[in-house]
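Q: Chains as they are written, first to last, in my numbering: chain A, 153 to 407; chain B, 24 to 248.
Derived by calculation from the structure, the hints in this document are not laboratory data.
The beta carbon of each residue, even a glycine, is placed where N, CA and C say it ideally should be.
Be careful, since some hints might not be right.
In silico BS3-like links for lysine-lysine, alpha-carbon gap of 27 Å or less [claimed, not checked]:
1) B/Lys-148 / A/Lys-278
2) B/Lys-38 / A/Lys-402
3) A/Lys-173 / B/Lys-109
4) A/Lys-279 / B/Lys-29
5) B/Lys-29 / A/Lys-259
6) B/Lys-38 / A/Lys-279
7) A/Lys-381 / B/Lys-109
8) A/Lys-278 / B/Lys-153
9) A/Lys-407 / B/Lys-29
10) A/Lys-278 / A/Lys-169
11) A/Lys-281 / B/Lys-38
12) B/Lys-29 / A/Lys-281
13) B/Lys-29 / A/Lys-402
14) B/Lys-109 / A/Lys-352
15) A/Lys-353 / B/Lys-109
16) B/Lys-109 / A/Lys-259
17) A/Lys-275 / B/Lys-148
18) B/Lys-109 / A/Lys-169
A few chain A residues that face chain B, going by a derived Cβ cut-off under 8 Å, partial list only [unchecked claim]:
19) His-187
20) Ala-191
21) Ser-195
22) Ala-321
23) Thr-326
24) Asn-329
25) Gly-362
26) Asp-368
27) Glu-387
28) Ala-390
29) Asp-391
30) Arg-394
31) Ala-400
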Amino acid sequence: MIEKPAMTEKNIIIKIKRQDKPASSAYWQTFEVPHRPFANIISCLMEIQKSPTTGNGETVSPVTWDSNCLEEVCGSCTMLINGQVRQACTALVDNLTTPITLEPMSKFPVVRDLQVDRERMFKNLKKVKAWIDIDGSHDIGEGPIMQDQDRAKRYIMSECMTCGCCLEACPQFTMDNSFLGAATFNQVRLFNLHPTGEMKKEERLDAVMGEGGITDCGNAQVCVEVCPKNIPLTESIADIGRQTTWQAIKNLFTK
Amino acid sequence: MAKSSKDEIHYLLLKLHSLTGIVPIGAFLVVHLCVNSLRTVGVWPYQLSIDAINNLPFLLIIEITFIYIPLLFHSVMGFYVIHLGKTNAHRYRHPRNGLYTLQRVSGAVVFVFLIYHLGTTVAPKLWEGKHYFEAAPFLIDILNGEFQTWQGMVIYTIGIISATFHFSNGLWGFCVSWGILIGQNAQRNGAIVFAMVGLALTVLGMATIGEFNMNPVPVEATVAR
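The shape of chain B in the complex, shown without the other chains:
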């Protein structure tokens, strides 16, 4: 029986959905949370890291290719995946079934959060044309303001926890779907390791927004235009 190309495309798209969640999106999440956590060390190293990123050559092209396009693809496919199934965790109360539901909920939450997050940071940065060394003081000023309100703290707390959960649970899902973790013990041990990864990333994120909240420091551009 000849296989239709529709089936091949379906397989490829879902495989890519799973892969893009790890690289580049998951990798970006780890780097993003790690770099931002420099804020807990001090404003200076934090500003330096933003300066470094904003002085990268072809920054916008890199961002579009390795972040925005994969993110949009992963989101669109994610909503398609949600549409494929019908959650039943209320009826079959098993831990993994709960995580199945949470993976879908967290994905949708992160999608909404990212619209907000990009809308308050990247969008004004591009709109106002703040590039190179001008980006850091502009962005830090916005974030200092956001984290002074309880609404901002709540939004970021929910957003970060959803993202770290979605990533660490997705890492496990990736390893099972691609056949890296096969045995029941291997799957359980993998879940423990990824839970610790998720916890570490959550702590990193919480520490960063905590530091912003308690210690907002305005900064000047490192190098004046």
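Next comes chain A alone, as it looks inside the complex:
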């Protein structure tokens, strides 16, 4: 049984890094919300939204944020909480040191306040053809059967919710380079392991063998530490390293 944290009269101080427009500069504001047991960051943000008044009594525009599923499956509420990237829905205030600081992710362009634009991740998925081709204008027949051990391996990899934690924490992923990042390499491995997806294997490997590709990984392995879905990202990266190495050797002799 979970022990219920004691109800206190104390308020929780939350410092939020805010930004009005994508191009404007960021500023900090401090808010106070009443402490409620089991409260998460999202419920604190909703509390602030009720009456957005800063610590010094000034009424300001409500703080905006992204959230959707509230059960760590969609990845949309990813932000920096006390400097660490994670989902706000599963960040319980009782487990956090106060004052709590909230910042938008730093490796993606800010839309407003805690909202960021993660389009780069979706562009990367398109670059590596992270999908399985199905019938087009004509029926291409049944696909090959997947082995059960491959299915088991793919299951954990398929849990990626494109939240961007691995990229935010990655020292190689910055706003001014084109690094694809752990999430993308994991998708390449996921779809190359699929018997039908394997038919596009060389095209996917080709897409990660260039600037911003697999060679730009510095093996800092923070991605796997911060991944909320515990995806073996470093195994995926090393496996793509192996696949691209063989591909490069093959290209040397056949191209």
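Please build the complex by placing chain B on the supplied structure of chain A, with the hints as guidance.
A: Using the frame of chain A, we list chain B on its own:
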């Protein structure tokens, strides 16, 4: 979508950066530390090994092709790799992230150390034209002097530890990047093995400079001109 040759070159250069760190540079480091550790056995076998190397045919061409060019390439690419990322070990305190930062720091330290090391040994040797059997007494004389100062000892200690760390951690990085170590257990076990390799090389280097420091022996040329 046609792939630009720029991407192919990028892939090839970074792959070569990783490879040159193992062969020939890493291999040279191992041989260099092993041969120099003969100094702990005695001056005579040490001098003999220097004699053997300095009497190799086409020595300068071998050195330029297999040491200086790969070293320069690895260094230039190394600084490019440093420029690709932005360290964040202060924020995300995980051991491997610390090693990521240290790999970059040690690489830069070794680069500076090698300028010093080549400047005090190879450069005067070539400048003074000390070849064949004349090289050993000339170089041993320089090293005997260098290791009598505490500054020399500090510089070499930092230089050797940076080099052995950079090499052993780089061996692990090579094995992961090239897809030799894939599984989490394999990567961890590999890291343990390479840490022991690094430790052994460090002991070898420390023993050598310790012997130089405590027991400087001047030598004569093995064969007089």
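Q: Against this structure, judge whether each hint is valid.
A: To see whether the hints hold, each was checked on the structure:
1. B/Lys-148 / A/Lys-278: 58 Å, violated
2. B/Lys-38 / A/Lys-402: It holds: about 15 Å lies between the C-alpha atoms, which stays within 27 Å.
3. A/Lys-173 / B/Lys-109: 26 Å, holds
4. A/Lys-279 / B/Lys-29: Given pair A/Lys-279, B/Lys-29 holds - Cα atoms ~17 Å apart, limit 27 Å.
5. B/Lys-29 / A/Lys-259: At roughly 25 Å apart (the allowed maximum being 27 Å), A/Lys-259 and B/Lys-29 satisfy the hint.
6. B/Lys-38 / A/Lys-279: Satisfied, since the Cα-Cα distance of roughly 21 Å is no more than 27 Å.
7. A/Lys-381 / B/Lys-109: 25 Å, holds
8. A/Lys-278 / B/Lys-153: Judged against 27 Å, a Cα distance of about 61 Å means the pair is violated.
9. A/Lys-407 / B/Lys-29: It holds: about 17 Å lies between the C-alpha atoms, which stays within 27 Å.
10. A/Lys-278 / A/Lys-169: 32 Å, violated
11. A/Lys-281 / B/Lys-38: 24 Å, holds
12. B/Lys-29 / A/Lys-281: 21 Å, holds
13. B/Lys-29 / A/Lys-402: The given pair, whose Cα atoms are some 19 Å apart, holds under the 27 Å limit.
14. B/Lys-109 / A/Lys-352: 33 Å, violated
15. A/Lys-353 / B/Lys-109: 31 Å, violated
16. B/Lys-109 / A/Lys-259: OK: B/Lys-109 and A/Lys-259 at ~11 Å, within 27 Å.
17. A/Lys-275 / B/Lys-148: The hint is violated at about 56 Å.
18. B/Lys-109 / A/Lys-169: It holds: about 22 Å lies between the C-alpha atoms, which stays within 27 Å.
19. His-187: Result: violated, 27 Å to nearest chain B Cβ.
20. Ala-191: At about 25 Å, which exceeds the 8 Å cut-off, the nearest Cβ of chain B leaves the hint on A/Ala-191 violated.
21. Ser-195: Not OK, violated: A/Ser-195 not within 8 Å of chain B, min 26 Å.
22. Ala-321: The hint holds - A/Ala-321 has a Cβ within 8 Å of chain B, the shortest such distance being about 5 Å.
23. Thr-326: 5 Å, holds
24. Asn-329: Given a least distance of 6 Å, the restraint on A/Asn-329 holds.
25. Gly-362: Holds, because the Cβ-Cβ distance from A/Gly-362 to chain B comes to roughly 3 Å (cut-off 8 Å).
26. Asp-368: 6 Å, holds
27. Glu-387: 6 Å, holds
28. Ala-390: 4 Å, holds
29. Asp-391: For A/Asp-391, the interface hint holds, since the closest Cβ of chain B sits about 5 Å away, which is under 8 Å.
30. Arg-394: Hint on A/Arg-394: holds, closest Cβ of chain B at ~2 Å, below 8 Å.
31. Ala-400: 7 Å, holds
Violated hints, in rising order: 1, 8, 10, 14, 15, 17, 19, 20, 21; the structure is consistent with all others.
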